[in-house]
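Engineer: Could you build all of it, start to finish, from the sequences and the hints given here?
Chains X and F are the protein sequences, given in the same order.
With the numbering used here, you'll find the first sequence wraps up at 310, consecutive numbering, no jumps.
With the numbering used here, you'll find the second sequence wraps up at 392, consecutive numbering, no jumps.
These aren't lab readings, by the way, just hints derived from the structure by calculation.
Ideal Cβ placement from N, Cα and C applies to all residues, glycine included.
The reader is advised that the hints may include incorrect statements.
As the list claims (entries may be wrong) - FRET-style restraints, in silico, Cβ to Cβ:
no., chain 1, residue 1, chain 2, residue 2, range
1, X, L263, F, I158, 48 to 54 Å
2, F, H250, X, K37, 34 to 40 Å
3, X, S233, F, K271, 56 to 62 Å
4, F, P183, X, K37, 30 to 36 Å
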Amino acid sequence: MKHILLSSLLCLVLFTSCKNDKKQSETADIESNTPEKPVVYVTNYPLYYFTNRIAGKTIDLHFPASQKTFPDYWKPVADSIAAMQNADLIIINGASYEKWLMNVSIPEDKIINTSESFQDKLLASGHVFTHSHGGEGAHEHPEMASYTWQDLSLAIKQAEAIKNALMTQSEKDKTTFESNFENLKAELEQLHQVFLSTVASQPDLEIAFSHPVYQYFEAAYKIKGTSLHWEPSDNIAGDKLHEIEALQKQKDIKSIIWENTPLEASLSNLKNIGIQSIVIPPGGGKPVQGDFISQQKSNLEALKSVYITP
Amino acid sequence: MSQQFYLAWAYLKYHWLKTLVLIVAISLVLFIPLGLNTLSKKGSKNMMARAENTPLLVGAKGSDTELNLSALYFKKSHLDPIPHHIVSELVNTKLGAVIPLHLKYQVKNQPIVGTSSEYFKFRKTSFQSGRPMAMLGECVLGSEAAKILQINLGESVISSPASTFDIAGSYPLKMTVVGILNPTGTPDDNAVFTDIKTTWVISGLAHGHENLNEKTADSLVLSKSKTEVVASPAILSYTEITPENIDSFHFHGNPEEFPLQALIINPTDKKGSLMLRGRFENRTDNLHIVVPKITMKALLDTVLSVKDLIMLAAISIGIATLIILTLVFSLSLQLRKGEINTMNRIGGASNAIQLVLSLEIIITIGIGILLAALLVLTLNLYGPYLIEKFIL
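Structural biologist: Structure follows, in structure tokens:
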């Protein structure tokens with residue numbers, strides 16, 4: 001009797017374990033049959049926003065420099081690059097934005113340069129540096145201005161390049177990508193037109209930029225401006241105040257555009273000499289609040305406060 | 001039977017020199033055609049396998065065979081360079097994956113293969129330890145290269161000058177080993193893989209040095225203005241790329257025009273392959289596309305036709321040798337007439353005497369066949385190595 005009981009128990013254990021194995025293998029099969037999402041890497045926030053708007057949850061989107069205010073100063077480590085090597089797409093801004101690209105090993109056929117289609121419209125940053133080594137001829141290391149998305153017509157082209165690249169990855173989502181892109185394009189187009197009309201209301205107005213990072217913004221919306229080399233953390237007093245006073249006399253400047261909120265003391269000193277300060281972040285990093293579109297709307301309101309006087 | 005065998009063996013032992021000559025002659029007669037056949041079969045199989053796994057190659061116009069041997073077996077060559085912009089041009093066709101190859105430099109006798117991390121996926125190689133190169137100045141060793149150079153993960157290898165007279169032409173670069181591949185039984189085992197940009201650093205097309213704008217470099221600056229700095233020739237380029245100096249590395253010239261030796265193209269499908277081949281047919285520049293399978297087959301066909309001639313000669317010599325051997329045995333019997341008579345007189349049965357004589361011949365031929373088989377087996381084992389060492 002004891003033997004019969006033991007044998008039955010053993011059979012039961014074997015049967016259960018076989019059943020579990022089968023279940024596990026079935027689960028594994030289901031998992032392996034689930035199509036993997038294309039893995040996509042982006043290098044700045046505007047690209048992240050455009051990609052996310054177009055593809056949504058159909059892709060596995062990564063923005064490794066998301067914690068950086070200025071992702072163009074991000075320096076990848078070997079592990080980040082090793083992860084990027086296994087991606088399906090690496091969407092870059094181009095126009096000298098990703099300086100680290102020279103120092104890493106990434107297959108070229110995975111890289112999508114979103115500014116490729118408008119190489120002829122790229123602007124120089126003004127940082128042309130020439131050096132030579134003794135008897136060798138001098139060689140230049142020119143740099144392009146990188147913040148292309150400030151011109152929303154170029155941003156549309158960048159979004160289009162992203163859409164085209166995504167369409168190569170997922171046949172079934174082509175219609176979704178197309179329709180999401182059209183919605184995004186309409187929003188950007190509308191904002192672009194309002195920026196143009198805002199500046200067109202006072203086309204001869206001269207303004208100052210705290211830093212030379214607005215090349216595409218100036219060129220796209222025909223803003224007449226002079227760039228300084230000020231940081232928001234600088235206290236604008238003494239020499240710097242004299243600098244803008246001279247500019248004020250020379251060009252009748254009444255406003256300055258900052259990358260970030262300046263010091264209270266600077267704001268007050270500038271106000272005392274009749275200079276209005278507004279903040280228009282260049283926008284490479286993730287905004288503290290809102291998204292790319294809400295940031296552009298906020299920039300537009302700031303610009304209106306300069307151009308459209310009540 | 002054992003007595004006859006004993007007598008036959010004793011005779012062969014006593015006349016060991018004559019026996020040895022006969023055994024060697026028999027084994028060589030059998031080994032030459034059999035060995036040649038084995039070697040060519042084995043070699044063809046290995047060479048075709050590598051060629052079949054590489055759908056298309058692009059290189060400068062010239063010898064198809066040289067392009068194949070360089071790109072597939074990393075043999076030293078004098079392939080004309082092709083400009084780097086061809087990579088993006090081919091990538092934009094979306095007809096296949098493009099893997100660049102720069103094959104000019106070495107670490108001691110191990111070839112440096114400048115490529116991209118996609119090469120490992122394309123060849124389906126796995127890592128014994130570590131990972132593919134990710135940063136400038138990193139490299140991956142094939143399993144044999146790691147053994148020969150006696151290098152472990154995390155250690156460094158130094159590139160050698162391209163030639164004895166190229167001391168100043170290329171920069172010895174200390175590269176950190178970040179990965180070691182599992183053995184594959186292919187030329188990948190002997191190679192040192194690095195990124196294409198790292199090979200440009202070795203060639204001096206990209207380099208890093210002290211920041212010329214910093215005060216520390218003043219002694220090395222001949223003149224300086226707001227937009228231009230002229231450095232002394234004494235300024236030294238970094239010979240090792242570290243996290244501290246990696247940002248100082250820059251290209252001199254247009255990277256789009258920088259040299260490559262070949263491109264591997266893995267077409268998306270058969271149509272893509274045909275379209276690519278068609279497009280290269282119509283090109284007027286210095287580029288051409290080859291199908292390694294076709295080139296290697298043509299090469300092997302030439303080798304095989306030569307082999308057929310050698311086989312014919314070997315068989316003819318073999319037949320002649322066998323005739324001579326028959327003559328040797330029959331003359332030997334004539335010479336041993338007295339010995340055979342003595343055996344008869346002391347009571348040896350004629351059957352037994354015939355058996356002794358037959359056993360002598362059988363043992364000699366048997367040992368000859370065994371020796372030939374042993375030689376063929378050895379050749380079968382070391383054939384691919386010999387082909388790689390002496391033929392390729």
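Engineer: Kindly indicate which numbered hints from before are broken by the structure, ordering the numbers from low to high.
Structural biologist: none
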